[in-house]
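Chains as they are written, first to last, in numbering that gives the first Met the number 0: chain A, 0 to 359; chain B, 0 to 359.
Bear in mind the hints are in silico, worked out from the structure with no lab data behind them.
Incorrect hints may have been included.
A pair counts as met if it fits within one copy or between any two copies, since identical chains are not told apart.
[Unchecked claim] Listed next, the in silico DMTMM-like pairs over lysine to aspartate or glutamate satisfying Cα-Cα at most 25 Å (straight line):
1. LYS216 <-> ASP99
2. LYS359 <-> GLU69
3. LYS108 <-> ASP287
4. LYS179 <-> GLU213
5. LYS347 <-> GLU69
6. LYS77 <-> GLU196
7. LYS71 <-> GLU223
8. LYS216 <-> ASP41
9. LYS108 <-> GLU215
10. LYS71 <-> GLU226
11. LYS216 <-> ASP177
12. LYS278 <-> GLU152
13. LYS347 <-> GLU92
14. LYS347 <-> GLU78
15. LYS108 <-> GLU212
16. LYS248 <-> ASP99
17. LYS222 <-> ASP99
18. LYS30 <-> ASP177
19. LYS347 <-> GLU196
20. LYS219 <-> GLU240
21. LYS248 <-> ASP41
22. LYS271 <-> GLU212
23. LYS216 <-> GLU267
24. LYS108 <-> GLU93
There are 2 protein chains.
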Amino acid sequence: MPKLRLLQWPFYDDPKKLIYYMSLPPADLTKCRIVVDAMGGDFAPRNEVLGALSAYGESKSFHLILVGDEEKIKTIAKENNLSLEGVEIIHSEEIITMNDSPTTALKTKQKSSLVIGARLVASGGAEAFVSAGNTGAVAAAGTLMIGRLPGVERPTIGTYIPNLTGITTVFDVGAFVDSKPQHLLGYAQLANVYVKEMFGIQNPTIGLLSVGEENEKGNKVTKETFELLKNSNLNFFGNVEGRDILTGKVNIVVCDGFVGNILLKFGESFMKIMKPMLKKTADANFFDKIKIAISRNAIRKTFKVFDPNEYGGIPLLGVKAITIIGHGSSSALGIKNMVLKADEMHRKNLISKLALEMNK
Amino acid sequence: MPKLRLLQWPFYDDPKKLIYYMSLPPADLTKCRIVVDAMGGDFAPRNEVLGALSAYGESKSFHLILVGDEEKIKTIAKENNLSLEGVEIIHSEEIITMNDSPTTALKTKQKSSLVIGARLVASGGAEAFVSAGNTGAVAAAGTLMIGRLPGVERPTIGTYIPNLTGITTVFDVGAFVDSKPQHLLGYAQLANVYVKEMFGIQNPTIGLLSVGEENEKGNKVTKETFELLKNSNLNFFGNVEGRDILTGKVNIVVCDGFVGNILLKFGESFMKIMKPMLKKTADANFFDKIKIAISRNAIRKTFKVFDPNEYGGIPLLGVKAITIIGHGSSSALGIKNMVLKADEMHRKNLISKLALEMNK
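Next comes chain A alone, as it looks inside the complex (with noise of 0.2 Å):
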């Protein structure tokens, strides 16, 4: 890459070096950059630095930008002995917080790592936003700063909910809510794309999130949104119920963001109620409390599936770059995972295949 970026330039605040910055060629034009938000998530950056240096260091098939506060990434870096030699640091100043508001944030924050991150993918800089912040502010700056891809009228975040024998998406889990019937077939239509390329699934099936398998149940939303998967070239099998998921009987499920974000944080609360809830179990009984204890392994083993740090982040589709949302509580092996997934993303050519499915 070149030096220069190793200077941390505040590109941002002088649009011309930005314009001079973004005309040096990159290095290695077939590799992708992953900015990281090193300040995005509950334990940044501690988490954000180790995982994405781990992913790195594992991996040198891409070019790794850090932008956050450079001292403290230079401090946890030499503090875990992880070298720093070839990843660029951006510095940055502001942090947007999980309480921000997306919108205001992304204007009043423009010294903020998320949208320095932003910016430099949005201005062509790098291939890949990874951030672990403020779920809304990074859909907010991959909307309206990446910009969506042609024909996306609304971008979409999807979920990975594991089931008996693999893995369910939910599209959408809170992007946007009051969806229109066009907007659900839109996200159908991205998901099908990065069903098919990211899990090698040719065909994914389809369904509509309903209160009712029949055709002709739902809300008035759903019932016109069946009858434009109905007629696309889609692999729609028609409505699921919200006991579908789990069981894996679609690969993707279609919802309005409303319904599939309250649906995603009641998955998430429950695998957390589960721990207080067999200890209160164990408190109550002696035998039961010996019992849990010699099969803690076994169920954490079970339920580990439902760990979001497995699955590296949800992506954000139908935006101009590969953009990958992290959980706010993520752990190092998240964001690692999550940085590794972009790259993936890039050597898949996701955004083009995108594109492409969005401009038949």
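Since the structure of chain A is provided, determine the placement of chain B on it from the hints.
Relative to chain A, chain B alone:
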């Protein structure tokens, strides 16, 4: 109760007979007359008969009316050495199945246990209706045949979701979709009376299910509902998220039936996949198999709170009589609890209290 009822008068094919029948004084007006749809449910009439008779055997504080195939009802009672003394049986010839379209079935299957039972309640011949049959059909029978209380635009079905310290109730879980803000306010008002009376919570906290805690988060409908709830005399907590249900942040969670139904079915499926998931771990490793076998009972005990049979069905609120809807797969214990709950609602004079609240 008047002996005539035991003649299994086919009153449904002769309105005059019904009028005459209705004019007879009930044996004891202080006792609740509970109609049990003996043919509703996946294991009907077996579980329905066993459950209802078990409740009746335990507490003679109500009148029990079983509507269903008389011969089958008598055979089940006989085979299980259960007395039918004092129990009224009304014969029915048809069955509304789980696959029937609710409103169509109410019209075309006039001789079904569900329609006969609901009509008896609607005509004032009984105070409570209990059915584990087709949820949509029971809700439609309650709304269209038994009828709404004055001031109620839309009745609502609620469910119980256990949390770490007690129960969270969620209204609505599928009576209606595309609820307007005014409807959601109505669900909250009905649920408020229900939880106060049945759970003994003086001023239940009410949360509006949304995609963020902040006041301005939500979709079009919840944003408007937020204002209505804020300006009501209810103990409105504010927005709650999907993750707050299982932690018991509020006593009552209000949502549209579309979201509630998906949530309910998703939650139920969580409990269902636990067993096969643990089995998968057990099958993969011999030591894990032993560990899981040892703790099986402790795990089962812990998650027993999620068994819908423990709660005695879910109420349909806003109609003129006590109406309890059971899970299709209700066990005999489930039906028993439903009948006892109906009796409790009657003793607590719930319908009058709901009517009063909705006409303030």
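Hint-by-hint comparison with the structure:
1. Within a single copy, LYS216 and ASP99 get their C-alpha atoms only as close as 38 Å, which misses the 25 Å cut-off; across copies the closest is 12 Å, which meets it.
2. For the identical chains of this complex, LYS359 and GLU69 are neighbours neither inside a copy (44 Å) nor across copies (63 Å), given an alpha-carbon limit of 25 Å.
3. Taking the shortest alpha-carbon separations for LYS108 and ASP287, neither the intra-copy value of 52 Å nor the inter-copy value of 51 Å comes in at or below 25 Å.
4. In the homo-oligomer, the alpha carbons of LYS179 and GLU213 lie at most 25 Å apart both inside one protomer (21 Å) and across protomers (24 Å), since each shortest distance falls under that limit.
5. Taking the shortest Cα distances, LYS347 and GLU69 never come within 25 Å of each other, neither inside one copy (32 Å) nor across copies (66 Å).
6. For the homomeric pair LYS77 and GLU196, neither the shortest alpha-carbon distance inside one copy (38 Å) nor that between copies (62 Å) is at most 25 Å.
7. In this assembly of identical chains, LYS71 and GLU223 lie within 25 Å of each other by CA distance neither inside one copy nor across copies; the values are 52 Å within and 44 Å between.
8. Taking CA atoms no more than 25 Å apart as the test, LYS216 paired with ASP41 passes between copies only; the shortest distance there is 21 Å, against 41 Å inside one copy.
9. When the C-alpha separation of LYS108 and GLU215 is checked against a cutoff of 25 Å, the pair qualifies only between copies, where the shortest distance is 21 Å, while the shortest distance within a copy is 47 Å.
10. Taking the shortest alpha-carbon separations for LYS71 and GLU226, neither the intra-copy value of 53 Å nor the inter-copy value of 44 Å comes in at or below 25 Å.
11. Taking the shortest alpha-carbon separations for LYS216 and ASP177, both the intra-copy value of 19 Å and the inter-copy value of 12 Å come in at or below 25 Å.
12. For a Cα distance limit of 25 Å, the shortest separation of LYS278 from GLU152 qualifies neither inside one copy, at 47 Å, nor across copies, at 44 Å.
13. Taking the shortest Cα distances, LYS347 and GLU92 never come within 25 Å of each other, neither inside one copy (34 Å) nor across copies (62 Å).
14. When the C-alpha separation of LYS347 and GLU78 is checked against a cutoff of 25 Å, the pair qualifies neither within a copy, at 35 Å, nor between copies, at 66 Å.
15. Only between protomers do LYS108 and GLU212 lie at most 25 Å apart by alpha-carbon distance; the minimum there is 22 Å, versus 46 Å within a single protomer.
16. In this assembly of identical chains, LYS248 and ASP99 lie within 25 Å of each other by CA distance solely across copies; the values are 23 Å between and 38 Å within a copy.
17. In this assembly of identical chains, LYS222 and ASP99 lie within 25 Å of each other by CA distance solely across copies; the values are 19 Å between and 36 Å within a copy.
18. Within a single copy, LYS30 and ASP177 get their C-alpha atoms no closer than 38 Å, and across copies no closer than 48 Å, so neither meets the 25 Å cut-off.
19. Taking the shortest Cα distances, LYS347 and GLU196 sit within 25 Å of each other inside one copy (7 Å), while across copies they are farther apart (59 Å).
20. When the C-alpha separation of LYS219 and GLU240 is checked against a cutoff of 25 Å, the pair qualifies both within a copy, at 16 Å, and between copies, at 24 Å.
21. In the homo-oligomer, the alpha carbons of LYS248 and ASP41 lie at most 25 Å apart only across protomers (22 Å), although the nearest pairing inside one protomer, at 34 Å, exceeds that limit.
22. With identical chains, the CA atoms of LYS271 and GLU212 are at most 25 Å apart between copies only, with a shortest distance of 19 Å across copies and 30 Å within one.
23. For the homomeric pair LYS216 and GLU267, the shortest alpha-carbon distance between copies (20 Å) is at most 25 Å, but the shortest distance inside one copy (27 Å) is not.
24. Only within a single protomer do LYS108 and GLU93 lie at most 25 Å apart by alpha-carbon distance; the minimum there is 6 Å, versus 67 Å between protomers.
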